[in-house]
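Colleague: Quick mapping for you: the protein sequence lines, in order, are chains A and B. Here the working numbering = 1-based position in the first sequence + 2. Here the working numbering = 1-based position in the second sequence + 528.
No lab work stands behind these hints, which were simulated from the structure alone. Here a beta-carbon is modelled for each residue, glycine too, at the ideal position from N, C-alpha and C. It cannot be assumed that every hint is accurate.
In silico BS3-like pairs for lysine-lysine, Cα to Cα no more than 30 Å straight-line [claimed, not checked]:
#1 A:Lys159 x B:Lys580
#2 B:Lys769 x B:Lys655
#3 B:Lys877 x A:Lys259
Across the chosen pairs, the derived CB separations fall in these ranges [as the list claims (entries may be wrong)]:
#4 A:Ser6 x B:Lys655: 41 to 47 Å
#5 B:Glu641 x A:Thr85: 37 to 43 Å
#6 A:Phe25 x B:Glu641: 51 to 57 Å
#7 B:Ser645 x A:Lys159: 53 to 59 Å
#8 A:Thr85 x B:Asp654: 32 to 38 Å
#9 A:Leu112 x B:Ser597: 36 to 42 Å
#10 A:Lys159 x B:Lys580: 25 to 31 Å
Part of the chain B face toward chain A, derived, beta carbon under 7 Å [to be verified]:
#11 Gly594
#12 Val598
#13 Phe607
#14 Ala611
#15 Asn615
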Amino acid sequence: MKASTIFKHLLLALISTLFLMPFVWIIVTSLRGPVEVLREHTLILSRFRWENYISAWRASNFPRQFLNSFVVGVSVTLGQIFTSALAGYALARMEFKGKKIVFMTVLATLIIPYHMLVVPLFVMLARFGWINTYRGLIIPMLANGFGIYLFRQFFKKVPWQLEEAAAIDGASRWSTLWRVVFPQALPAAGTLFIFTFVAEWNDLFRWLIFTHSTEMRNVQLGLSVFQEQFATDYVRLMAAVVIVTVPTFILFVIGHKKLIQGISLGGIKG
Amino acid sequence: MLKIKNLKKSFKSTIACKNIDFSVESGEFFVLLGPSGCGKTTILRLIAGLEKPDEGGVFFNDKNLGDISVQERNTALVFQNYALYPNMSVRGNLTFPLKMRKISKTKTKDTVEKIASMLKIKNLLDKKAVKLSGGQQQRVAVGRALVRKPEIFLLDEPLSNLDAKLRQHLRMELIKIHKEMNITTLYVTHDQNEAMTLGDRIAVLRDGNIHQIGTPEEIYSSPVNLFVAKFIGFPEINLFKTKYKPEKGAVNILGKELQLFEKGTELPDNTENVTAAVRPEDIHISSNNDDIEGNIEVKEVSGPDTVLYLNVDGYPVRMRVAKDKKGLLEKIKTNIKIEPEKVLLFNSKTERIIKNENIRTI
């Protein structure tokens with residue numbers, strides 16, 4: 003092995019260690035005893051206390067909160083893919099008046115921070131009576147400027163002939179989009195799925211404001227039961243953090259190739 | 529019968545085609561031939577309904593196709609780059625047109641298997657279409673077009689992305705398939721060789737206009753103008769700009785007088801400036817030393833015959849002779865003779881052929 007290769011590997015190992023350290027610390031902490039956690043500052047465990055996980059799972063209404071996170075996360079994610087593909091297709095392939103302005107507006111939404119919209123959104127949802135409901139959590143999130151942009155870029159690169167061939171074969175524009183054009187943008191769909199789902203799964207702010215009952219809260223808010231005014235139950239909190247991180251971790255393991263493909267392909271052509 | 533009436537189409541300020549008028553008999557193999565940018569593909573796209581004509585229309589069995597959408601026209605088109613669906617297997621590609629027409633699953637399966645065995649791609653059915661070689665993709669594209677038995681079969685330069693040998697092979701296959709299925713076929717190409725071998729009739733196009741429609745023989749032996757004469761045939765036809773002398777009924781070619789008509793024959797409109805055109809195979813080696821003499825510059829031996837490129841006093845002459853001409857390949861100089869009855873005369877100004885029943889050749 004060449005010296006430069008060894009150096010590169012060492013550097014990568016060092017950076018990886020830096021990134022992995024917090025996760026290792028979380029796992030180690032989650033397996034400690036309640037007194038030990040405050041005393042020990044090493045990675046050595048005297049005993050693996052797996053019972054912490056069972057205790058953490060029972061501490062709050064986690065089953066229900068997992069369900070909430072899943073229902074809202076999956077609905078928002080699939081909904082965004084659907085609306086982004088439709089809008090992206092229109093912006094990539096159809097001619098209509100004001101197309102440029104629409105596209106610019108879509109891009110402009112990317113620079114508006116979500117927090118700015120919270121107050122007007124809360125007022126609207128309150129008037130609809132949608133506070134503390136799935137509807138209120140899902141419907142306002144169903145359009146995503148980034149997703150529209152991503153699909154537009156992908157669709158622009160799909161050869162016209164494919165669509166023409168499909169039309170000649172008897173396919174309507176709708177079936178051409180879903181059967182021929184959309185499959186060419188699967189990396190985009192994969193990227194959007196991972197980005198949106200992870201963002202939704204980790205979201206705390208929106209749930210904090212738009213829900214108020216324990217039954218309607220998500221996993222991230224569920225973690226707060228371990229934090230009290232004067233004490234934090236670190237052991238069970240870390241155990242719960244591990245449990246809550248598992249779904250996104252699995253998603254990354256399955257989808258990281260598509261994710262990289264989606265990001266790199268999407269960036270090539272303007 | 530497919531009738532194209534007075535078709536015109538322009539894109540912004542460029543006219544892609546105009547005054548396009550022709551009809552294709554049912555079951556005929558009709559070729560649109562022309563250099564790139566002559567509008568031949570546009571005509572195909574207008575027939576398929578992928579473009580809307582500015583003027584004129586397309587009629588099939590006296591029905592105007594103008595109001596019928598692309599999806600509902602029973603036309604099939606094979607694209608130059610095949611345009612196979614990359615996400616589908618060969619079977620998926622072949623099934624797609626039937627699925628879109630809501631044909632039952634069992635019938636679809638039978639039809640797909642049948643067309644696949646006809647095109648010899650049955651063993652590829654479960655492979656991804658885009659993973660195949662060019663020739664195989666070509667077959668799949670043809671299969672996808674034919675699987676639903678279209679009334680009009682359109683092909684846009686389907687062989688141009690293949691190598692020469694495969695092209696030759698698939699050309700023969702296309703002729704066989706056409707005979708078997710007997711579908712009205714329109715074939716676009718810039719390759720005159722393809723056009724001549726495939727077409728029942730050929731339309732020669734240039735700059736969006738049809739110059740001539742005829743059988744391959746007609747187009748080869750009596751081109752209507754200089755463009756058609758030059759475009760068809762390899763090596764290119766020999767052209768000699770010259771003057772016609774009515775009192776002798778003759779033209780001067782390469783310094784020799786060549787009598788074409790009876791003495792005293794006037795050309796229509798008393799045309800004087802003419803271009804004489806002679807096919808390379810209508811020039812022969814002569815043993816008479818009085819005949820035109822030229823230096824042989826290049827010899828191309830191509831199987832049964834040899835193409836000679838001569839220089840006659842600075843003027844290039846192309847001729848095709850049988851391979852077995854004695855001692856030909858060693859010669860540096862030769863005498864040549866032109867067959868007068870094979871000479872085509874064009875008006876140098878209008879570039880149109882001079883043809884008049886009153887003119888009798890001798």
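Colleague: Does the structure break any of the earlier hints, and which numbers would those be?
Modeller: 2, 3, 7 and 11
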